[in-house]
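Dock chain B against the given chain A, drawing on the hints supplied.
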Amino acid sequence: MQKKRLLPVQAHYTFMIIPGLLWIIFFNMVPLGGLIMAFQNFNPGLGLWKSRWVGLDNFEYLFSLGDARRVIVNTIIIACWKVVLNLLIPLIFALLLNEVRNLRYKKFVQTVVYLPHFLSWVILSSVVLNIFGRTGIINQITGLFGADPLIWFSEANWFRQLVVGTDVWKECGFNAVIFLAALTGINPNLYEAAAIDGCSKFKSVFYVTIPGIAGTIVLLGVLGLSNVLNAGFDQVFNLYNPMVYTTGDILDTWVYRIGLVNLQFSLATTAGLFKSVISFFMIVLSYWGAYKFADYRIF
Amino acid sequence: MIESKAIGTKIFKIFLYIILGALAISCIYPIWYAFCLSTSSKTAANSGMVNLYPVDFTLRSYKEIMGDLKFLNSFWISIQRSVIGTVVSLLIMILMGYPLSKTKREFKPRNVLMWLVIFCMVFNSGAIPWYITMVNYGLLDSMIGLVLCGGLPVFNLILIMNFFRNLPRDLEEAAVVDGAGPWRILFGIVVPCSVPVLATIVLFTSVGYWNEFFQGLVLSSSDKNYPLQTYIKQMVVNVQTAGLTTDQLKIMNELSNKSLDSAKVFIAMIPMLVVYPFLQKYFVSGIMLGAVKE
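Protein sequences appear in the order of chains A and B.
Quick note on our numbering: the first sequence kicks off at 3 and runs consecutively.
Quick note on our numbering: the second sequence kicks off at 20 and runs consecutively.
Bear in mind the hints are in silico, worked out from the structure with no lab data behind them.
Being a predicted model, the structure only gives us computed values, none of them experimental.
There may be inaccurate statements among the hints.
Only some residues are given here: those of chain B computed to face chain A with a beta carbon under 8 Å [unchecked claim]: (1) 53; (2) 54; (3) 66; (4) 74; (5) 232; (6) 248; (7) 284; (8) 286.
Over the 12 Å line for every Cβ pair with chain B, so calculated as not near, a few chain A residues [claimed, not checked]: (9) 16; (10) 52; (11) 81; (12) 89; (13) 294.
Ideal Cβ placement from N, Cα and C applies to all residues, glycine included.
Just chain A, same shape as in the assembly (with noise of 0.2 Å):
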């Protein structure tokens, strides 16, 4: 019987494993080496090979530079906002929408509310450039109370909190499903019992519900770590003008304009590498954060 098959079973596995290799090497793997930009001052025509080294030149230039100091700064502020806004918003919700009785009504809201999350910035920013533009209903309703109008996304001091409100009102709902699942999770039981003892509903949330999720909480909140220079390309790419670059314009979409439209390739590669480093050391931190106290690992 073992003598039929013609190969052993690993050899097998390996067979399954190469195309997904070929797509890593290839598409994840072989940009690193694109890296060295940073060190070179890149020349299209001369490629990686022949470009001249100039170390660590690039870093110091970019260091030099206002745009880049500001650029950062704006890029920590917006994300930091979105890291704890992401993880406090959804948390609310679903421990609202935990409180809703009504069966219908909970899966009509659940339903709806992960809409956003699956449109893209493109689609969205069209519309709500509209909303917020200056015709849009929010002027409108603004023009009630006296208020002139506003092309709101046009205003730099406006423009870092409607990015963060618009986020996380976009990924409100899909942000709230782990926790939503966590709070089926506890036992009924101890509501109960906590009624018995003269707990109010208010204070059962307290004393109940938030314990029950409070390692869930903990694990996003420290994987949420991970995301301190993302911004949010797609969406501030798609939001932001001229007019509000002071504020808003971040690491990702800086490098966009310096790389890909000003074609200062080795400058840009290099704000590129900046962030990478300092996310994987957030990425690692964030992680081995969430083994030690969550006890979670991704395999």
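Chain B in isolation, oriented as in the chain A frame:
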């Protein structure tokens, strides 16, 4: 005492339903708004009269789009990309996820490969080296480029792998006893048992390909090769933000055609809206199933 408590609960309940209702409405509103603008007349749409319902209902924008070859071409490119991309990447991820779901004893290089995959997830090259590499591969304006250039979707691979790992071992052991080889076990037993997680991945992947605009933007040498989202980004979104002064914006506003733009946006939403209800029932359970181990 008890009465006041009951009133408090009631007020809370009303408040709760209103808040959640408002959130739900705000999530549907963008879709409804795009629909309203697209079915209103050009003058009504541009002057900002359209907010809650179509004004001067007309389907002219849609008729105009049907004659817009560039738009139709972009639409077709995006459809191809989503379908081919989903099939190809799903197949590759199933093939790769299965051996990786084995222990080190059953498949020796498993752990090495796993670290490689994880490394690719946590460290990326950034936009510029990636772009230069794709240009060197000659992947400008090609469907292969649009499908493969994002690299292996590591997160989805891990979801699949974790799901495969949690399937009962006995199933496979029984199949081995019956003489089934690895390929037979994978496609005859493992895959049919994994429908929830695979449906989730199909949803994520197809929507991901459909929504992707950046690769389409930088890997297309001319606008006739744009996928739909890139087309919309360039033709619709950019126009709105291009104006600098209010006067310029006013002129832009008069030249633009919000009704026509919104019709394009609405059409771009449709495939998502069609797929969503079918797969929605799977994805919540699918995420959780793939995320939890042992």
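**Prompt:** So which hints don't hold here, by number, going up?
**Reply:** 2, 4, 8 and 9
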